[in-house]
Amino acid sequence: MAAGPTGVAVARSPYALRRAVVALAACAVLWQLGARLDDWTGVGAPGVGALPSPVEVAMAAGRVVVEPGYWISSALSFVRVMGGFLIALAAAVPLGLLFATNRTFRAIAFPVFEVIRPIPPLAWVPAAIIFWPTQEAAITFITFLGAFFTITINVLSGALSIDPRFVEAARSLGASRMTVFRRIVLPATAPSIVVASSIAIGLSWEVVVAAEIISGSSAMGSNSGGLGHFIWASYLGGSYDDIIVGMISIGIAGYLCSAAVRKAGALLTPWINAR
Amino acid sequence: MTDLALEPASRGAPQTSSRGAISIRNVVKTYGSGASQVTAVDDCSFEVAAGEICMVVGPSGCGKTSLLNAIAGFHDITSGEILIDGETICGPDRPMAAPGPDRVVVFQNGALFPWKTNLENVAFGPTMQGTMTEAAAKARARSLLAEVGLDDVAERFPGEISSGMRRRVEIARAVINEPRVLLLDEPYRALDALTKQVMHEALLELYYRNKVTIFFITHDLEEAVFLGHKLVISTARPCRPKTIIEVDIPHPRDRSVITSPRFRELMEAAHEAVRQEAVAAFQAGDKEG
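Chains as they are written, first to last, in full-length UniProt numbering: chain D, 1 to 275; chain X, 1 to 289.
Warning: the hint list may mix true and false statements.
Unchecked claim - For lysine to any residue, the following SDA-like pairs were computed, each having C-alpha atoms within a straight-line distance of at most 25 Å:
no.: 1; chain 1: X; residue 1: Lys138; chain 2: D; residue 2: Lys263
no.: 2; chain 1: X; residue 1: Lys116; chain 2: D; residue 2: Val167
no.: 3; chain 1: X; residue 1: Lys116; chain 2: D; residue 2: Ser161
no.: 4; chain 1: X; residue 1: Lys230; chain 2: X; residue 2: Met267
no.: 5; chain 1: X; residue 1: Lys138; chain 2: D; residue 2: Thr269
no.: 6; chain 1: X; residue 1: Lys116; chain 2: D; residue 2: Ile272
no.: 7; chain 1: D; residue 1: Lys263; chain 2: X; residue 2: Ile249
no.: 8; chain 1: X; residue 1: Lys116; chain 2: D; residue 2: Val43
no.: 9; chain 1: X; residue 1: Lys116; chain 2: D; residue 2: Ser53
no.: 10; chain 1: X; residue 1: Lys116; chain 2: D; residue 2: Ser249
no.: 11; chain 1: X; residue 1: Lys116; chain 2: D; residue 2: Val195
no.: 12; chain 1: X; residue 1: Lys116; chain 2: D; residue 2: Ala100
no.: 13; chain 1: X; residue 1: Lys116; chain 2: X; residue 2: Ser60
no.: 14; chain 1: X; residue 1: Lys116; chain 2: D; residue 2: Arg182
no.: 15; chain 1: X; residue 1: Lys211; chain 2: X; residue 2: Ile249
no.: 16; chain 1: D; residue 1: Lys263; chain 2: X; residue 2: Gly159
no.: 17; chain 1: X; residue 1: Lys138; chain 2: D; residue 2: Met178
no.: 18; chain 1: X; residue 1: Lys138; chain 2: D; residue 2: Pro187
Claimed, not checked - Here are some chain X residues the structure puts well away from chain D; computed CB gaps all over 12 Å:
no.: 19; residue: Val28
no.: 20; residue: Thr78
no.: 21; residue: Ala146
no.: 22; residue: Ala202
no.: 23; residue: Lys242
no.: 24; residue: Pro250
no.: 25; residue: Val257
no.: 26; residue: Ile258
no.: 27; residue: Ala278
no.: 28; residue: Ala280
Honestly, the hints are just simulated from the structure, not real lab data.
Computed from a prediction, not measured in an experiment: that's the story for all the values here.
The C-beta atom is built at its ideal place from N, Cα and C for all residues, glycine as well.
Starting from the given sequences, assemble the full structure and let the hints guide the process.
Now the structure itself:
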């Protein structure tokens, strides 16, 4: 904290990228060893032994990524995640701030919110299919749920933990109550919104796949079901290499989305890392 | 509210020391009710002359901050009244004063907005009150920051500078409003002794340039005698003036006064008055704990 006038953000370790690559490579090596243990010793490694090896998966990936169907599936899942996430963000930020600033509203609505919150998004899938007119809407609703509660709760707790001295200082410096909300409460909550968003978009990716598996298998063709359907179809078709390709694709997509949200968040809250 | 509405008109006028007299009359502040009721301030009365530096000294947790919060308009008072320049800001008819830029607070651990640059922090008051355009407020803020030697960190965030610098920025953020009263709540508490010395001289320099009444809470006696025209030594909780010591060392002062015999005498007098209260507070704390 004792940054002088020249103090800048702590530079990221120059080794960070190298370390990440080494760690990922080590995982691949362990996995390869585990998958081939049976061939070499006659004793299969538990769990990993039943999986295709990374080499097989890499070959499958090379084949899959040139198929348009894979990219259509990925794009479909991406659109559903982004749709649900953005709607959740637009709804949850005002709701969380309202909970934090209006005691009466909190007393009325928060218990309802807290009863609905523990219901896992996947438990909503059958109900969502029934009450949304299209399957697309139903799946987007599930990704919305995945993000919505997390963002609301984080914004609420972020807004409640604002240092009261900021509000007092602003009032003392002549800010009206409305201005205090816009100039103090909003920016003071911004870091919580950013953190919540980066968690929530990951949760949306977690639930989209299951929603697609449960709902997407009936009416749609094999290319229109998203990555969840891609995995499920690969399972039903016995192409186990493709299952892993689908899984890793989701991992990468979730990582990229969270990183993008964090990056956008850092631009919106430049004071956070400037110390 | 009317007094605040009229403020902007007089803001352009040069600051004179004829503004900012504080009268504290029979102020009582209690928290809670019934058996758990605690009296923080009890029948407290004293006067602070316009343009005076009044140091309120007392053991930690004695209720000094309750008094400051009442003047600032953050908390109400239970009875009594507080007047600024003869005008009641809180009293029987209105237990809580409206917070306003004529009485700006510099907080104990600092309350600069971390999401604003130092320059934006200083310019915040006049921009909010609409007394200056944003550009004018920023220009004024820049010159104030230059006065306290911080023009080179104007564009940085408070999180990027040292705590001593943050304190100076915060005082500039208060002074830009040309307040009648500057309320400081142990602003230098967390600073090391060396930084503190620099801060004291910087504060006095700012004070000589922008005459303003200063209501300064501290429990550092050297700080109190060095800065103040007057020391109000408070009793241990509840807060009430026990002794008032007039510091007759002429302003402007610099570090050299500290070695003068008069300074030592005043320190000794203040020390004796505070010691009794500190012992009382310690024993009371013993009983409670």
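Give me the numbers of the hints this structure contradicts, sorted from smallest to largest. Hints 1, 7, 8, 9, 10 and 13 are the ones this structure does not satisfy, whereas the remaining hints hold.
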